[in-house]
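Top to bottom, those sequences are chains A and B. The opening residue of the first sequence carries number 1 in this note's numbering; numbering runs sequentially from there. The opening residue of the second sequence carries number 1 in this note's numbering; numbering runs sequentially from there.
Simulated from the structure, these hints should not be mistaken for lab results.
In silico DMTMM-like cross-links for lysine to aspartate or glutamate, where the CA-CA straight-line distance does not exceed 25 Å:
{"no.": "1", "chain 1": "A", "residue 1": "Lys67", "chain 2": "B", "residue 2": "Glu102"}
{"no.": "2", "chain 1": "A", "residue 1": "Lys42", "chain 2": "B", "residue 2": "Asp7"}
{"no.": "3", "chain 1": "A", "residue 1": "Lys42", "chain 2": "B", "residue 2": "Asp86"}
{"no.": "4", "chain 1": "A", "residue 1": "Lys42", "chain 2": "B", "residue 2": "Glu83"}
Here is how the chains run, residue by residue.
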Amino acid sequence: QKEVEQNSGPLSVPEGAIASLNCTYSDRGSQSFFWYRQYSGKSPELIMFIYSNGDKEDGRFTAQLNKASQYVSLLIRDSQPSDSATYLCAVTGGSYIPTFGRGTSLIVHP
Amino acid sequence: DTGVSQDPRHKITKRGQNVTFRCDPISEHNRLYWYRQTLGQGPEFLTYFQNEAQLEKSRLLSDRFSAERPKGSFSTLEIQRTEQGDSAMYLCASSLAGVGHEQFFGPGTRLTVL
Chain A
1 QKEVEQNSGP LSVPEGAIAS LNCTYSDRGS QSFFWYRQYS GKSPELIMFI
51 YSNGDKEDGR FTAQLNKASQ YVSLLIRDSQ PSDSATYLCA VTGGSYIPTF
101 GRGTSLIVHP
Chain B
1 DTGVSQDPRH KITKRGQNVT FRCDPISEHN RLYWYRQTLG QGPEFLTYFQ
51 NEAQLEKSRL LSDRFSAERP KGSFSTLEIQ RTEQGDSAMY LCASSLAGVG
101 HEQFFGPGTR LTVL
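The shape of chain B in the complex, shown without the other chains (with noise of 0.2 Å):
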């Protein structure tokens, strides 16, 4: 395991219908983040794990917005009802502990909704 994965690369879905994407972290990290990036901004932090615990999430993710990680390993991030607005790339992420340890981020999932 060289780096942090993501699956799929790309998503077109039609507004309404529910999507969720997977990111597999470098084995040994135990944090993982995810985030969210439009054409000309930086990363938007959506939410972050230790281990299997959700430890914190943005105010500004909306309650059609879920993730999980069940076993600590891979995580999973599922959009319900998908919106025209929620098109962008969804970027994982993940790091050791502890206050500076750099984060490695994956290829990102590319979400189209039409």
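Pulled out of the complex, with its shape left as it was, chain A reads as follows (with noise of 0.2 Å):
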């Protein structure tokens, strides 16, 4: 059964902070990467997505990826109390279909 675990959290961090999800998969025939954001009550909003290892940065957001630790993270520079949410982490192999981790909670105080 393929399993996508993350911290639930939550992961607390000041305004301005760098915050640090990670996320840990189990099919190692995975091939793509994606990050979502879910505020409370809403839907997933995709804010990144990654195939290659290494890094990808997209403004305030960076997404590392290591297949050989089977380990994605995503890095938050410069966090704001508007990047409150649930951070959710998704992965996909050859069959389309993604597997969603829980999801790790971020709380960014002033």
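Join these two chains into a complex; the hints should help.
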């Protein structure tokens, strides 16, 4: 069974700090990796995706992928209170069906 | 069409009743997915379509659940003889075909079964 593991948190960081969110996955054949942000009562919103080992940067967000260690992470620089949400990691293999983790709750306090 | 839409946004029903939800995907997307999400959990895959063909259905999905996408555009999800355990957020997402194409979610339908 394919599993995606995330620490449920909450992860609490001060405003302006770097928030680091981690995700591990069990299926070595996984090919695509996604980070979604979900505010309470709302649907998931795609933040970033990454396919290749290494880092991918988009504004304040950086996704990091290490296939050998089977983990993917999301760094949020200069965290803002508006970043407070649940962050979902999703992993897809050849079946095109993503497996989601349960999400990590992030709290950015002023 | 700027995104995925779902209707209704909220549904309250009594146990034993049937409910039907509708999803309209992004127009150029040929893949459509249905998920269920409960509090504190990530979205749980239910089924997906490529065009009008239902390609996969979760083994966790009971026979009370059925989905259609008759013309390869909008989709409906029906739950028959609802149970209290069916209470959840039902999410629809769409994407282009091919590995790695990201999914875009609709606002969801929140179902409450009394």
